[in-house]
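Please work from the sequences and hints to get the whole structure.
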Amino acid sequence: MFIKNTWYVCAWDHEVPHEGMFARTITGIPVLLYRDSTGAIVALEDRCCHRGAPLSVGRREGDCVRCLYHGLKFDSSGQCVEAPAQDRIPPQARVRKFPVVERHRWVWIWMGDPGRADPALVPDTQWLDHPDWRSQDGYIHYDVNYLLICDNLLDFSHLPFVHPGTLGGSADYAAARPQVERIEGGVRITRWAIDTEAPAFAKAVKTWPGKVDRWNIYNFTIPAVLLMDSGMAPTGTGAREGTRVDAAEFRGCQAITPETANSTHYFFAHPHNFAIDQPEVTASIHQAVVTAFDEDRDIITAQQRSLALGPDFKMVPFAMDAALSQFRWVVQQRLQQEAAEEALQAAQAGAQPVHIVRPAPQTT
Amino acid sequence: MFIKNTWYVCAWDHEVPHEGMFARTITGIPVLLYRDSTGAIVALEDRCCHRGAPLSVGRREGDCVRCLYHGLKFDSSGQCVEAPAQDRIPPQARVRKFPVVERHRWVWIWMGDPGRADPALVPDTQWLDHPDWRSQDGYIHYDVNYLLICDNLLDFSHLPFVHPGTLGGSADYAAARPQVERIEGGVRITRWAIDTEAPAFAKAVKTWPGKVDRWNIYNFTIPAVLLMDSGMAPTGTGAREGTRVDAAEFRGCQAITPETANSTHYFFAHPHNFAIDQPEVTASIHQAVVTAFDEDRDIITAQQRSLALGPDFKMVPFAMDAALSQFRWVVQQRLQQEAAEEALQAAQAGAQPVHIVRPAPQTT
Amino acid sequence: MFIKNTWYVCAWDHEVPHEGMFARTITGIPVLLYRDSTGAIVALEDRCCHRGAPLSVGRREGDCVRCLYHGLKFDSSGQCVEAPAQDRIPPQARVRKFPVVERHRWVWIWMGDPGRADPALVPDTQWLDHPDWRSQDGYIHYDVNYLLICDNLLDFSHLPFVHPGTLGGSADYAAARPQVERIEGGVRITRWAIDTEAPAFAKAVKTWPGKVDRWNIYNFTIPAVLLMDSGMAPTGTGAREGTRVDAAEFRGCQAITPETANSTHYFFAHPHNFAIDQPEVTASIHQAVVTAFDEDRDIITAQQRSLALGPDFKMVPFAMDAALSQFRWVVQQRLQQEAAEEALQAAQAGAQPVHIVRPAPQTT
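Chains as they are written, first to last, in UniProt numbering: chain G, 1 to 364; chain W, 1 to 364; chain V, 1 to 364.
You may find that some hints are simply not true.
[Said to hold, decoys possible] Calculated lysine-lysine pairs in the BS3-like style (CA-CA distance at most 25 Å, straight line):
no.: 1; chain 1: W; residue 1: 203; chain 2: W; residue 2: 73
no.: 2; chain 1: V; residue 1: 97; chain 2: W; residue 2: 314
no.: 3; chain 1: V; residue 1: 314; chain 2: G; residue 2: 4
no.: 4; chain 1: G; residue 1: 73; chain 2: V; residue 2: 314
no.: 5; chain 1: W; residue 1: 4; chain 2: G; residue 2: 97
no.: 6; chain 1: W; residue 1: 73; chain 2: G; residue 2: 314
no.: 7; chain 1: V; residue 1: 314; chain 2: W; residue 2: 314
no.: 8; chain 1: G; residue 1: 314; chain 2: W; residue 2: 314
[What the hints assert, rightly or not] Take a look, some chain G residues computed to stay more than 10 Å from chain V by CB distance:
no.: 9; residue: 29
no.: 10; residue: 63
no.: 11; residue: 114
no.: 12; residue: 118
no.: 13; residue: 120
no.: 14; residue: 192
no.: 15; residue: 197
no.: 16; residue: 243
no.: 17; residue: 260
no.: 18; residue: 276
no.: 19; residue: 281
no.: 20; residue: 286
no.: 21; residue: 294
no.: 22; residue: 312
no.: 23; residue: 344
no.: 24; residue: 346
No wet-lab data here; the hints were simulated from the structure.
Think of the CB as a built atom: it goes at the ideal place given N, C-alpha and C, for glycine as much as any other residue.
Pasting the structure below:
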């Protein structure tokens with residue numbers, strides 16, 4: 001149901017404690033997160049291999065975790081190292097350990113084959129802790145499938161309609177047709193609105209003499225990560241040609257992580273590189289984004305209820321769906337590829353014992 | 001699951017606004033209701049054809065509605081007439097429009113084939129706005145399948161047991177066997193209790209010297225509409241023979257409309273033709289009916305819970321089930337007829353391409 | 001899904017009223033309980049045979065019950081004896097009557113074949129009302145399948161981990177390997193911890209000079225009844241060899257009764273035979289047990305949520321699972337046996353009509 005071999009954001013770095021533990025379900029699997037004595041993050045399946053109790057209601061013992069149902073103790077590799085009334089612990093008594101990368105304030109987790117978890121594949125979110133940029137940490141929870149949120153983010157023509165008082169701007173913003181390109185693992189979207197009204201959230205923290213040129217240029221890649229260069233500059237100053245004079249620039253970072261088939265984690269921040277010594281500016285931008293994302297959640301949750309009533313409902317495609325259609329196709333391709341790989345592995349695993357067990361037929 | 005080609009009550013007239021919009025789910029389909037500039041009621045599917053967002057959280061623009069997700073605009077025929085960044089709108093970009101009839105305070109909707117929506121088929125509820133009759137508007141919501149409510153209304157022997165303090169009267173009322181006749185699309189029930197106690201709700205607004213003759217004569221027809229002549233007159237004054245002297249007469253109008261498989265809308269009023277210049281009499285009657293219908297809801301909801309626990313539970317039929325059994329049979333017949341018609345249409349639709357594609361067999 | 005031919009605890013005796021009625025769902029079947037004029041408990045299916053309304057929202061009429069939907073009256077054998085507007089009541093108009101035994105404060109019910117309901121099979125819980133013992137009545141409700149609670153009670157190695165402040169004692173208690181024996185319909189578990197710390201709940205009501213020998217010896221039998229001899233005595237005084245000097249002795253009685261597939265009734269008491277004239281001692285012991293059982297419910301409910309997330313989760317067995325594995329096997333055997341008996345009865349019932357209806361083949 002979910003792509004496995006990819007990096008998912010599972011937490012803000014400050015959510016994972018040095019003492020104690022933190023639990024969050026990622027792609028339907030309960031995950032336990034904590035920091036060992038070196039500060040490194042440990043991610044284990046949050047389900048004791050014995051009877052399934054969550055380890056997160058257990059107890060830290062140094063770098064280990066003890067399940068507080070029957071007292072099994074697991075080290076940070078997930079291996080059970082102690083069981084009451086039992087000297088020898090079978091090696092299969094272990095919980096899954098998930099590869100984790102902590103980088104630029106986000107904690108990324110790999111729910112698939114650990115052997116393929118290449119840290120070099122983690123997307124670059126340097127603006128989250130770059131000294132020239134400022135932002136606040138955002139998180140909201142959704143009770144919908146994550147793809148409905150992806151759809152939303154892949155078509156910014158909704159901005160003037162869903163977010164008139166925050167991110168929206170005027171209706172001509174929706175009328176501007178964005179450029180959509182396929183990139184590795186996703187799509188790149190470039191939308192320019194020339195000589196347009198600045199959106200309310202930007203006007204609240206910056207003044208321009210008149211209208212602006214506005215851009216939203218972002219990559220949206222698997223599993224569901226949006227990294228955006230956006231902003232506004234006075235119209236006619238050549239922003240589209242690459243000159244950014246008196247501009248308000250943002251580097252939005254958003255990660256949509258499935259919790260279950262019907263619920264989703266949404267991590268976000270909206271770094272800006274102006275007025276970075278004015279915390280009230282950062283707070284104002286953040287609050288506008290939070291308000292807007294709550295507006296998104298309202299309409300998407302209503303959409304979800306409406307779709308649930310009509311399982312046979314057929315969506316009519318529009319031109320504005322170019323990016324979301326391409327991204328959904330990329331997701332589908334990746335899921336099919338993983339399914340094919342798993343089928344191949346299962347066939348190979350099944351074939352081998354047969355080969356070992358059966359003696360070669362004697363023909364003479 | 002539900003009969004399609006029939007008129008369902010979907011609202012009281014005052015619920016549908018001139019400005020703004022009103023949303024209600026009918027037979028599992030979300031419906032948007034509003035009045036155009038002529039005051040005529042428009043009923044559209046409340047689910048944008050694009051991505052399924054409810055139009056009812058959108059915006060009226062004259063006689064049109066704009067979806068406030070991506071800004072699509074629909075006219076009152078359901079046709080999409082505007083989409084951001086798109087000049088040509090495909091004709092299939094439309095939402096369903098449902099035939100509607102507004103008559104005698106109720107708004108009726110046709111969820112099936114619009115070509116068969118004959119306004120002449122709307123039942124007559126003239127007492128809801130007749131100058132000689134008075135009533136208040138009633139609505140309650142149920143979390144049960146609508147047929148359990150039909151069952152309840154098709155057997156008034158429950159009155160002394162469920163409604164002893166309001167509609168009930170004495171136990172002899174239940175003991176009187178009603179006459180049940182098949183009529184077009186339903187049943188007609190005639191129940192007389194002679195020389196009986198008047199029910200509490202009637203005693204509260206009218207006094208008689210002694211006992212009364214009481215009648216409940218009603219048609220219960222598809223989809224689930226109850227239209228009743230009921231009342232009480234002093235016993236021995238010949239009410240059963242057609243003379244109504246010193247009578248309290250009522251013309252109950254009730255419509256049970258499925259919301260989903262497990263929830264139901266219930267519209268009702270209980271017009272009376274005496275003391276019509278005394279609003280407190282109308283209020284007293286209405287309140288008694290509301291109290292009684294809440295009693296019905298309590299027992300039917302308990303029944304629903306009990307039935308849900310035992311999906312294999314077999315009901316034992318009793319003599320008092322004559323009317324409800326006949327009505328359930330009528331519903332079943334109508335559903336089978338509609339299923340057969342749809343199968344025939346599908347076969348004809350499917351047969352045509354075959355006829356076109358395949359060359360005629362050559363016999364020589 | 002549940003064993004049928006066995007005695008389930010369905011209530012504490014004081015829960016079943018002389019006037020009025022009491023309703024509780026047992027193994028998915030709604031049950032109505034009341035006392036007739038002799039004080040004997042009547043247990044009927046709490047679902048009117050007519051339209052399924054719960055009789056428990058009806059009315060007692062002497063030893064009978066009247067359904068307050070359509071007024072059907074049932075006697076204490078479950079037979080319908082009165083129906084409005086109907087002289088002859090068909091004999092099949094009846095609700096199930098369940099065999100009941102009231103003994104030592106508990107009410108036991110038999111949900112299977114009444115002909116096999118032998119009162120001699122009711123387990124002995126004499127300590128619940130024996131003059132030499134004292135306890136308070138306990139009941140808690142669980143939203144989990146009953147077998148997860150059985151698992152919990154079949155492995156007391158969880159005591160130091162789940163109940164450190166009440167029943168727990170020190171970790172060496174978990175390290176002591178219990179003896180597990182198969183007995184008729186279940187298992188017998190004997191766990192001794194020698195020279196150990198007394199648990200907090202016992203220290204709160206009794207003092208010993210030093211460490212104690214502690215025992216928990218209990219039968220856990222179908223359907224899910226735990227009867228336990230437990231206690232502590234000063235270490236070295238020979239408790240294990242049968243001498244009980246200065247001991248705190250308890251006779252825990254616990255019954256786990258499925259309500260539905262996902263919810264459970266838990267009846268319990270923890271009788272003690274010392275300080276029986278001090279109600280505060282009884283109250284202290286009871287409160288400790290209630291606190292501990294709430295701790296169990298917390299961890300088991302968390303376990304249930306965790307298991308629900310992963311339907312394919314495979315438990316890794318540990319040595320401590322010996323008793324629970326054996327009990328689960330006993331349950332499985334009994335369910336298979338009942339299924340086989342039912343299949344046989346169905347085949348026999350089915351074979352007869354065939355024999356009657358079909359003429360013998362004519363061979364000439």
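Hints versus structure:
no.: 1; hint: W:203 with W:73; in the structure: violated (56 Å)
no.: 2; hint: V:97 with W:314; in the structure: holds (16 Å)
no.: 3; hint: V:314 with G:4; in the structure: holds (20 Å)
no.: 4; hint: G:73 with V:314; in the structure: holds (18 Å)
no.: 5; hint: W:4 with G:97; in the structure: violated (55 Å)
no.: 6; hint: W:73 with G:314; in the structure: holds (18 Å)
no.: 7; hint: V:314 with W:314; in the structure: violated (39 Å)
no.: 8; hint: G:314 with W:314; in the structure: violated (39 Å)
no.: 9; hint: 29; in the structure: violated (7 Å)
no.: 10; hint: 63; in the structure: holds (19 Å)
no.: 11; hint: 114; in the structure: holds (19 Å)
no.: 12; hint: 118; in the structure: holds (27 Å)
no.: 13; hint: 120; in the structure: holds (31 Å)
no.: 14; hint: 192; in the structure: holds (45 Å)
no.: 15; hint: 197; in the structure: holds (47 Å)
no.: 16; hint: 243; in the structure: holds (52 Å)
no.: 17; hint: 260; in the structure: violated (8 Å)
no.: 18; hint: 276; in the structure: holds (42 Å)
no.: 19; hint: 281; in the structure: holds (42 Å)
no.: 20; hint: 286; in the structure: holds (32 Å)
no.: 21; hint: 294; in the structure: holds (27 Å)
no.: 22; hint: 312; in the structure: holds (27 Å)
no.: 23; hint: 344; in the structure: holds (20 Å)
no.: 24; hint: 346; in the structure: holds (14 Å)
The earlier numbered hints that this structure contradicts are 1, 5, 7, 8, 9, 17.
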